[in-house]
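Please model the entire structure based on the sequences and the hints provided.
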Amino acid sequence: MERILEVKDLQVSFHTYAGEVKAVRGVNFHVNRGEAVAIVGESGCGKSVTAQTLMKLIPMPPGEIKKGEILFNGEDIVKKSNKEMESIRGKEIGMIFQDPMTSLNPTMTVGNQIAEGLIKHQNMSRAAARDRAIELLTMVGIPQPEKRVEQYPHEFSGGMRQRAMIAIALACSPKLLIADEPTTALDVTIQAQILDLMKELQKKTGTSIILITHDLGVVAEMCDRVIVMYAGKVIETGTVDDIFYNPQHPYTKGLLRSVPRLDLNRDEPLTPIFGTPPDLLRPPVGCGFTARCESAMRVCQEIDPELNQISTTQRAACWLQHPLAQNRAGS
Amino acid sequence: MDNRDTLIEVRNLKKFFTIGDNTLKAVNDISFEIKRGETLGVVGESGCGKSTAGRTILRLYDATDGDVLFEGKSIMKLNHQEMKAMRRNMQMIFQDPYASLNPRMTVGDIIGEALDIHGLATGQKRKERIQELLSLVSLNPEHMNRFPHEFSGGQRQRIGIARALAVEPKFIVCDEPISALDVSVQAQVVNLLEQLQERMGLTYMFIAHDLSMVKYISDRVAVMYLGKMVELAESDALYEKPLHPYTQALLSAIPIPDPEVERNRERIVLQGDVPSPMNPPSGCHFRTRCPKAMPECAAAVPVWKEVEPGHFAACHLYN
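Just so you know, the sequences run in chain order Z and D.
Residues 1 to 331 in the UniProt record's numbering are what the first sequence lists, from first letter to last.
Residues 1 to 319 in the UniProt record's numbering are what the second sequence lists, from first letter to last.
Note that these hints are calculated values from the structure, not bench results.
Idealized CB from N, CA, C, for every residue including glycine.
Certain hints may be false.
If you want the ones that stay clear, here's a sample from chain Z, every Cβ over 10 Å from chain D, calculated [what the hints assert, rightly or not]:
no.	residue
1	Val21
2	Lys66
3	Asp99
4	Glu135
5	Gln144
6	Lys147
7	Leu201
8	Val299
9	Asn308
10	Ser311
11	Thr313
Restraint ranges, calculated between C-beta atoms of paired labels, are given here [claimed, not checked]:
no.	chain 1	residue 1	chain 2	residue 2	range
12	Z	Arg282	D	Ser135	22 to 32 Å
13	D	Asn279	Z	Ser43	36 to 46 Å
14	Z	Asp263	D	Ser276	32 to 42 Å
15	Z	Pro61	D	Ser276	38 to 48 Å
16	D	Asp65	Z	Ile119	53 to 63 Å
Here's what the structure looks like:
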């Protein structure tokens, strides 16, 4: 399969008055063409910083890409200048942000916000761009698009704003769509509409999607593969079936056990993960999950495990995978 | 459950807000009861009136009409002094653990304030009680002199719980207590709420939009839509056999964390948004989005009816 995006050993830090926060600490992953990949993890695990770095949207300073490559269509995004990035953002890579209330410009009509990218990237005339904006609004399911195109974001409901944002992100038919918690701020019935829409559009346009979310239900519904992040690192990756039915890392298992399921009886108590993620101002030497891990061994505190191949599709970074720990892993 | 006595009885409760020339019917004629020791879950989408209902039951808002009885006694006609005494019985845990704790007060004083207001403890006893409450919610008692910003979201929500428990209430309205927290931390807080309920015989009204979590924690669940209650049933009955088309759609909209189940699932996707509560549709408020709407749905408001024993619904399909 053709790889549209490949991230190699990405390291991102923020320089704060308190010191260097190592938000992303050596992340490797790839996205194939036409595939939907989920990045999951708790707040502060680096999933949003990773996504924003792909578009070079992190403010620099205080942010800094310390190391690594982001190969998009074979070209390294890390080396691109701001000017060059302008022709990638919105054209090659689209982004849907979490909060539709604050990510639209309140002083511009929705139509102009959609047309902006078309005029800039595809040299469309104003009139053609406006027509295309109406088409896009129709495509994302906004009723009366001719009227809506002239309206401002405050005249839209939350679900409609998120649809408008999807229209903006898809305006120039990007090859990659990054959706950062696209439905977190929405009600479940609206979430179902938006997820349906994204799936349908993906089928139609063949766009690859990176979906950042903490809702494992959304992952099961939308995605082909899953990347689990913890404390700025990828700790497990595999197909949705690998991750949901055969999780290897104790953190992945913990995440799955801590959510109640609508289709199961409520007799089983929830098993929370105790404690909180480590402070990335002073990242731990060994595995970042050691302090919260029930199966932690001495080696976990001292040496950070590498991502080990579990099967052709699944990899996990945990010392329990080491041959010497096999008898422990069985328990 | 049936042999438990009724702790809270809500009768035809209404709460309207006047906005300019319009009236927003946030809560429009809801009636139900909560048994002692029970958890009643209330679910619905934003703007359905679930938080307003919770606040009106505690008289944080004055009701437009209707009555709320606590242990058989109306709280709507209590004067200021009597209401203050009544508040020892009924407390609230708020949604946002960042906004609901005063950033300029220490955790000890935040919890202690409840003790001071009701004159429950002073001096050394006050300090001991605060430390006891902190241990009760699994926080370090030595941290009583710290400020809220020194705690994580989950820990702050524990402080909010300790504050509610300080006056030894019988009834607590939990208004989306976990929606601002990470999934791994949500389970911690929910387990804590369940343990406390078991230990202290607490009664909860648990307001949330996360139906999986509400199913998990509640004995009975009420579903609200645009200020009206549309269905109320035992938790398992509601999830196994939802009667109201809105409940059916709501349950079907929730993604299940199991790829195999998701691949084989038929989903009811509702069209459109929730209509403005300022100007709700006539008859049944849900009819504009309802896949089963009939002519009579526009004509008359459906009656609240016990369709099966203990299973209430307001829908013309069951008349």
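Structure-based check of all given hints:
| no. | hint | result |
| --- | --- | --- |
| 1 | Val21 | holds (16 Å) |
| 2 | Lys66 | holds (26 Å) |
| 3 | Asp99 | holds (14 Å) |
| 4 | Glu135 | holds (20 Å) |
| 5 | Gln144 | holds (12 Å) |
| 6 | Lys147 | holds (16 Å) |
| 7 | Leu201 | holds (15 Å) |
| 8 | Val299 | holds (24 Å) |
| 9 | Asn308 | holds (23 Å) |
| 10 | Ser311 | holds (16 Å) |
| 11 | Thr313 | holds (13 Å) |
| 12 | Z:Arg282 <-> D:Ser135: 22 to 32 Å | holds (28 Å) |
| 13 | D:Asn279 <-> Z:Ser43: 36 to 46 Å | holds (38 Å) |
| 14 | Z:Asp263 <-> D:Ser276: 32 to 42 Å | holds (34 Å) |
| 15 | Z:Pro61 <-> D:Ser276: 38 to 48 Å | holds (45 Å) |
| 16 | D:Asp65 <-> Z:Ile119: 53 to 63 Å | holds (55 Å) |
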